[in-house]
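Asker: Residues per chain, in single letters:
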Amino acid sequence: MKLTVDVQKKFVNGPSIQAVLDLDLDHFGITVLFGPSGCGKTTLLRLISGLERPDAGAICLDGLPWSRGSEQMPAHCRRVGYVFQEGALFPHLSVGANIAFGMGKNAADSGRVAELIRRVGLTGLEQRRPGELSGGQKQRVALARALAPKPKLVLLDEPFASLDRPAAEQLRHELRAMLRADGIPALLVTHDRHEALSLGDHMLRMEAGRIVQAGRPEDVLSGAATEQDELGSESVARARVVGRREGLLCLEVGSAQLFAPDPGGEFGQARLCIRSEGVTLERQAGGPVSSRNHLAAKIVALELRGALARVRLDCGFPLEALVTSWACRDLGLGVGDAVTALVKATAIQVVPLDEEP
Amino acid sequence: MIPAAPWMDWSAAALSVRLACSCVFLLAPLGIALAWPLAYGRFRGKLLLEAVLLMPLVLPPTVLGFYLLQSFGPRSPLGKLWEVITGGTLVFSFSGLLIAALLINLPFFLQPLVASLGGVDRRLLEAAATLGHGRISTYLRVALPLSWRGLLAGAILAFAHAIGEFGVVLMVGGNLPGRTRTLSIALFDQVQAFELGAAHRTALVLLSFAFLVLLSTAWLRAREPR
Numbered sequence: 150m151k152l153t154v155d156v157q158k159k160f161v162n163g164p165s166i167q168a169v170l171d172l173d174l175d176h177f178g179i180t181v182l183f184g185p186s187g188c189g190k191t192t193l194l195r196l197i198s199g200l201e202r203p204d205a206g207a208i209c210l211d212g213l214p215w216s217r218g219s220e221q222m223p224a225h226c227r228r229v230g231y232v233f234q235e236g237a238l239f240p241h242l243s244v245g246a247n248i249a250f251g252m253g254k255n256a257a258d259s260g261r262v263a264e265l266i267r268r269v270g271l272t273g274l275e276q277r278r279p280g281e282l283s284g285g286q287k288q289r290v291a292l293a294r295a296l297a298p299k300p301k302l303v304l305l306d307e308p309f310a311s312l313d314r315p316a317a318e319q320l321r322h323e324l325r326a327m328l329r330a331d332g333i334p335a336l337l338v339t340h341d342r343h344e345a346l347s348l349g350d351h352m353l354r355m356e357a358g359r360i361v362q363a364g365r366p367e368d369v370l371s372g373a374a375t376e377q378d379e380l381g382s383e384s385v386a387r388a389r390v391v392g393r394r395e396g397l398l399c400l401e402v403g404s405a406q407l408f409a410p411d412p413g414g415e416f417g418q419a420r421l422c423i424r425s426e427g428v429t430l431e432r433q434a435g436g437p438v439s440s441r442n443h444l445a446a447k448i449v450a451l452e453l454r455g456a457l458a459r460v461r462l463d464c465g466f467p468l469e470a471l472v473t474s475w476a477c478r479d480l481g482l483g484v485g486d487a488v489t490a491l492v493k494a495t496a497i498q499v500v501p502l503d504e505e506p
Numbered sequence: 015m016i017p018a019a020p021w022m023d024w025s026a027a028a029l030s031v032r033l034a035c036s037c038v039f040l041l042a043p044l045g046i047a048l049a050w051p052l053a054y055g056r057f058r059g060k061l062l063l064e065a066v067l068l069m070p071l072v073l074p075p076t077v078l079g080f081y082l083l084q085s086f087g088p089r090s091p092l093g094k095l096w097e098v099i100t101g102g103t104l105v106f107s108f109s110g111l112l113i114a115a116l117l118i119n120l121p122f123f124l125q126p127l128v129a130s131l132g133g134v135d136r137r138l139l140e141a142a143a144t145l146g147h148g149r150i151s152t153y154l155r156v157a158l159p160l161s162w163r164g165l166l167a168g169a170i171l172a173f174a175h176a177i178g179e180f181g182v183v184l185m186v187g188g189n190l191p192g193r194t195r196t197l198s199i200a201l202f203d204q205v206q207a208f209e210l211g212a213a214h215r216t217a218l219v220l221l222s223f224a225f226l227v228l229l230s231t232a233w234l235r236a237r238e239p240r
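First to last, the protein sequences are chains A and B.
If you count the first sequence from 1, you need to add 149 to reach the working numbering.
If you count the second sequence from 1, you need to add 14 to reach the working numbering.
Just so you know, the hints here were simulated from the structure itself, not pulled from any lab data.
Owing to the predicted nature of the structure, the values given are computational and were not obtained by experimental measurement.
Be aware that one or more of the hints could be misleading.
Stated by the list, open to error - Examples of chain A residues lying across from chain B (beta carbon under 7 Å, computed):
{"no.": "1", "residue": "Ser198"}
{"no.": "2", "residue": "His225"}
{"no.": "3", "residue": "Ala317"}
{"no.": "4", "residue": "Val391"}
{"no.": "5", "residue": "Gly392"}
What the hints assert, rightly or not - Restraint ranges, calculated between C-beta atoms of paired labels, are given here:
{"no.": "6", "chain 1": "A", "residue 1": "Gly280", "chain 2": "B", "residue 2": "Leu117", "range": "50 to 56 Å"}
{"no.": "7", "chain 1": "A", "residue 1": "Ala256", "chain 2": "B", "residue 2": "Met22", "range": "54 to 60 Å"}
{"no.": "8", "chain 1": "B", "residue 1": "Val219", "chain 2": "A", "residue 2": "Gly284", "range": "51 to 57 Å"}
{"no.": "9", "chain 1": "A", "residue 1": "Asn255", "chain 2": "B", "residue 2": "Leu40", "range": "21 to 27 Å"}
To be verified - Coverage of chain B stretches by chain A, computed from C-beta distances (three or more under 8 Å per stretch; other residues unrestricted):
{"no.": "10", "region": "30-39"}
{"no.": "11", "region": "124-138"}
{"no.": "12", "region": "155-167"}
We put the beta carbon where it would ideally sit given N, CA and C, even for glycine.
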């Protein structure tokens, strides 16, 4: 099954949305919808779920229209699960009744509710009301509730936004396992790079109501400006763990090897974020330096921006360095030159992946 | 010697309670059905419907009573139909009184309920939709249970108002002991007959009752979680 979306929606005081995307609903996979706050990510989810009507365009599932002109399939007929930012649990119902809410009478009796409660680790809390749960527990119930009727697709609207970091971290792992167990594809909205990198199999980058880029998360995010600083950027790459040494991970990235701080936990695959300001360039390999990572690189592109320069490198994987223009002139750097890139281990952030996406 | 007035007109009190109970019993399904379009509906003529349903709040009861008397009369189509079906008349009967009470008390029932429904978090209704529940199911299983305070407040207000209604009752029901004479009409009679002791007792009962009702609805509203 393939969901094709090509919709437009205008708001009086908001962005106008004009989005085109396809989603494969046959296989499990998490598509991350990534973009800054207010770019229309939530609206796009609401359009797909049927909670909002597009002004123009169509949403079709294998050619069967969910939304086209005046033909509007109501939200309750679409079988699309939705996890809201802060759960939106029914306060008058128990945990068990919340989870069973979307299931038919027979299905609710079949033990699936109990199984879901077990899988989200809330056994013993079936009779609690949402008001008696912590934020993380509420989101677990919301997730179980959305998955209970076995929807065709689950939409998640920043489900971890209201949680503190450790709770969010833990729930992220559980989310992936839960979706995989039922084989339900998901579309996840986030503006958090770390979250996008640790969960996404595929990424859509959204800006001002449009989807501007699609691809693997490492490709989409590599070189994109970070939120804190317009000039500084991050290179993102896939890596394989090949060893551990003195608290550092030894990683294989493309044809290169890197050392980076170990975030802890068992994993064999990771995505790396390398801050461009943590990369130094050298003409020839010199004496000993504190940087653990020395990579042979070739300059692919050079972009002078006032006092600073962005240098794009190929060192077995794409890497960006942010250096001063002065240093560029001093070293006489030019496109095609061979250099050594020194990467501080502390400039690398390791995002573990649960399994091969 | 003038016979001592009874401590209270018990048959009138019983009739008032019977009228108010039947009224609330019938209002509940009617009001619950009408509250949905008023709280969530988006359709043409919603304002008009609102105005018509809420009119009894501001209309002089005698005006409503007059029109009801006209439309209930034995020569009116409704009156004739009623006579064919039941063999009795609507005017000066308990049934006529009850229909009048329904119309006049509907807004008292609706207002707190619609306000409560309007305060239910929209995301909860949307969540129910994404879980496969249509509008009616969402209304009955999410919106209404979460608005139980408004529902109860509406029922209490309608009950209290039905106990004390005077103008419409007098116009439609007249003043037949045991059939259409309610407490507030008994009070009127007692004053007319200078039975001031009995009048004081009746008035005090109605007063304390009204006070208790307002207190309980205020308490319900104060505890509404928002």
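Asker: The structure should be examined with respect to each hint, and the outcome stated for every one.
Answerer: Quick rundown of the hints versus the structure:
no.: 1; hint: Ser198; in the structure: 6 Å, holds
no.: 2; hint: His225; in the structure: 5 Å, holds
no.: 3; hint: Ala317; in the structure: 20 Å, violated
no.: 4; hint: Val391; in the structure: 44 Å, violated
no.: 5; hint: Gly392; in the structure: 46 Å, violated
no.: 6; hint: A/Gly280 x B/Leu117: 50 to 56 Å; in the structure: 40 Å, violated
no.: 7; hint: A/Ala256 x B/Met22: 54 to 60 Å; in the structure: 59 Å, holds
no.: 8; hint: B/Val219 x A/Gly284: 51 to 57 Å; in the structure: 52 Å, holds
no.: 9; hint: A/Asn255 x B/Leu40: 21 to 27 Å; in the structure: 36 Å, violated
no.: 10; hint: 30-39; in the structure: violated (count 0)
no.: 11; hint: 124-138; in the structure: holds (count 3)
no.: 12; hint: 155-167; in the structure: holds (count 4)
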